[in-house]
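Trainee: Spelled out from the first residue to the last, the chains are:
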Amino acid sequence: MPHLDAAFNLARWLLRNRTDAEDVTQDAVVRAFRAFGTYRSGNARAWLLQIVRNTCFTWLRQNRMAAEFMEFDETTMPQESENPETLALAGSDREQLTRALEELPESFREMLVLRELEGCSYKEIAEITLRPIGTVMSGLARARRQLRTALSNPAPKEARRAV
Amino acid sequence: MPCEHTQNQLHGYLDGELDPASAASFEKHLESCPDCKQTLAAEEALHQSIQKANLYERAPESLRKSLLGSSQQLPAVRAFPAPRALAWQWLAAAAVFLLAAVFGWQQLQKPRGASEAQLMAVSLVDAHLRSLQPGHLTDVESTDQHTVKPWFDGRIDFAPPVHDFVGDGFPLLGGRLDVAGGRTVAALVYGRRKHIINVFVEKSASENYWKGAGESQGYHWLAWQQNGFSVCAVSDVAPADLAELQKLFAAQ
Chain H
33 MPHLDAAFNL
43 ARWLLRNRTD
53 AEDVTQDAVV
63 RAFRAFGTYR
73 SGNARAWLLQ
83 IVRNTCFTWL
93 RQNRMAAEFM
103 EFDETTMPQE
113 SENPETLALA
123 GSDREQLTRA
133 LEELPESFRE
143 MLVLRELEGC
153 SYKEIAEITL
163 RPIGTVMSGL
173 ARARRQLRTA
183 LSNPAPKEAR
193 RAV
Chain B
351 MPCEHTQNQL
361 HGYLDGELDP
371 ASAASFEKHL
381 ESCPDCKQTL
391 AAEEALHQSI
401 QKANLYERAP
411 ESLRKSLLGS
421 SQQLPAVRAF
431 PAPRALAWQW
441 LAAAAVFLLA
451 AVFGWQQLQK
461 PRGASEAQLM
471 AVSLVDAHLR
481 SLQPGHLTDV
491 ESTDQHTVKP
501 WFDGRIDFAP
511 PVHDFVGDGF
521 PLLGGRLDVA
531 GGRTVAALVY
541 GRRKHIINVF
551 VEKSASENYW
561 KGAGESQGYH
571 WLAWQQNGFS
581 VCAVSDVAPA
591 DLAELQKLFA
601 AQ
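One line per chain: the protein sequences are H and B, in this order.
Start counting at 1 in the first sequence, then tack on 32, and there's your number in our numbering.
Start counting at 1 in the second sequence, then tack on 350, and there's your number in our numbering.
Isolated chain H, as found in the complex (with noise of 0.2 angstroms):
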């Protein structure tokens, strides 16, 4: 299925976590098809991420008071990887770059998935969070800036859930 990939990766770096990001991808999907007479020919992908993009947001409000008695972290958690060789390879790097993806503040963290990971045009990105084009190209340069800072001055562990 197109965007499938698109969708679950969205949902993971929103939710911060695989198992709830492929429920609620799952239930994006069927609420794509619910919606489909509100889709006008256009950029197929960027309408289903908004979709998904919608669907997190509302879980998330359902969810925000329970995860926060959840203490433990999934980042240690052992994680489904689609390739050890890529983990290996990246090693530090990429524990340390998805820590400091994964505390920045959800509108951050949306555009540059959206922007790095997935390659959407600044339009897209517009399209699918629902922000102005400048808005999108101020939020990156913020979104960067205070990912740069977190890689130069990383957090200690147990101090990740204060934040």
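These are computed hints drawn from the structure, not numbers from a lab.
Given the structure is predicted, the values throughout are model-derived calculations rather than measurements.
Ideal Cβ placement from N, Cα and C applies to all residues, glycine included.
Among the hints, erroneous ones may be present.
Said to hold, decoys possible - In the DSSO-like style, the derived pairs of lysine-lysine whose C-alpha atoms are separated by at most 30 angstroms in a straight line are: (1) B:Lys378 / B:Lys415; (2) B:Lys597 / H:Lys155; (3) H:Lys155 / B:Lys378; (4) B:Lys553 / B:Lys499; (5) B:Lys553 / H:Lys155; (6) H:Lys155 / B:Lys561; (7) B:Lys402 / H:Lys155; (8) B:Lys387 / H:Lys155; (9) B:Lys499 / B:Lys561; (10) B:Lys499 / B:Lys378.
What the hints assert, rightly or not - Here are a few chain H residues that sit away from chain B, every Cβ distance over 10 angstroms (derived from the structure): (11) Thr90; (12) Trp91; (13) Arg96; (14) Asp125; (15) Leu136; (16) Glu138; (17) Phe140; (18) Leu162; (19) Arg163; (20) Pro164; (21) Asn185.
Guided by the hints, dock chain B onto chain H, whose structure is given.
Mentor: For chain B alone, kept in the frame of chain H given last:
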């Protein structure tokens, strides 16, 4: 005080989102602004490490399967009551078919030329990504065009144009054979600051009349025709850098 271009244009430039005129004027500004130069270098390094870390997470097979509605593959621990689960499952299956149908239809609607260029670009971007894996970059590693060019003799049935542009900021790093669209092509490897540019060269033919420019997975590509060759440069550098390299090639 940070330069105002740092806020306004730098990221558009980095992401290849500026129109050619603004990109050129920003490059001009870059020469005289150490502030922007430094920020750009830092941003490029960040972009590189994000790309290298391979953070993209593909949909797991279980999700694909459960969306296809196979009853055996449905996870046992869904929080849905049984009767609804069945309806849901059918709905999901119907959704997948409908979405596949509409996306497929959308693909068909694209002009044929455009989709071929896209296919070519995707295949070359893949080749570029492969080349960045350790030990894959060059078959012949040399900055000397007189070493690289003869290396292709007997390995492919044409002599690709090989030039070192070190004086213009594009040092030749080497060459290798690669495969694109099922055919063997010559790949010339150039450096640009800390980036790698792959320049793919093939004899022009109707099935590989490479032309145009675009972006795929965050990489830019620029293709052109020159002296009976189809040439395509792929890299994560800004489109303006690729355009500069094209000019250098054309001037030879």
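Trainee: Between the alpha carbons of Lys499 of chain B and Lys561 of chain B, is the straight-line distance 30 angstroms or under?
Mentor: holds (24 angstroms)
Trainee: Report holds if the minimum CB distance from Arg163 of chain H to chain B is greater than 10 angstroms, and violated otherwise.
Mentor: Arg163 of chain H clear of chain B: closest Cβ-Cβ about 15 angstroms, beyond 10 angstroms.
Trainee: For Lys597 of chain B and Lys155 of chain H, compute the direct alpha-carbon distance and say whether it is at most 30 angstroms.
Mentor: Answer holds: Lys597 of chain B to Lys155 of chain H is near 29 angstroms, not above 30 angstroms.
Trainee: Would you say Leu162 of chain H is clear of chain B, with no C-beta pair closer than or equal to 10 angstroms?
Mentor: For Leu162 of chain H, whose nearest Cβ neighbour in chain B is about 19 angstroms away, the distance exceeds 10 angstroms, so it holds.
Trainee: Within a Cα-Cα threshold of 30 angstroms, do Lys553 of chain B and Lys499 of chain B meet the stated pairing?
Mentor: Satisfied, since the Cα-Cα distance of roughly 15 angstroms is no more than 30 angstroms.
Trainee: With the threshold set at 30 angstroms, check whether the alpha-carbon distance from Lys155 of chain H to Lys561 of chain B stays at or below it.
Mentor: holds (24 angstroms)
Trainee: Please verify that the nearest CB of chain B lies beyond 10 angstroms from Asn185 of chain H's CB.
Mentor: holds (15 angstroms)
Trainee: Does Thr90 of chain H clear chain B by more than 10 angstroms, comparing its Cβ with all Cβ atoms of that chain?
Mentor: Non-interface label on Thr90 of chain H holds, nearest chain B Cβ at 16 angstroms vs cutoff 10 angstroms.
Trainee: Are the Cα positions of Lys499 of chain B and Lys378 of chain B separated by 30 angstroms at most?
Mentor: violated (34 angstroms)
Trainee: Any Cβ of chain B at or closer than 10 angstroms to Pro164 of chain H, or is the non-interface label fine?
Mentor: holds (14 angstroms)
Trainee: Phe140 of chain H clear of chain B by more than 10 angstroms, beta carbon to beta carbon?
Mentor: At about 13 angstroms from chain B, Phe140 of chain H clears the 10 angstroms cut-off, so the statement holds.
Trainee: Taking C-beta pairs only, is Leu136 of chain H more than 10 angstroms away from all of chain B?
Mentor: Leu136 of chain H clear of chain B: closest Cβ-Cβ about 12 angstroms, beyond 10 angstroms.
Taken one by one, the earlier hints fail for this structure at numbers 1, 5, 10, 14, listed in ascending order.
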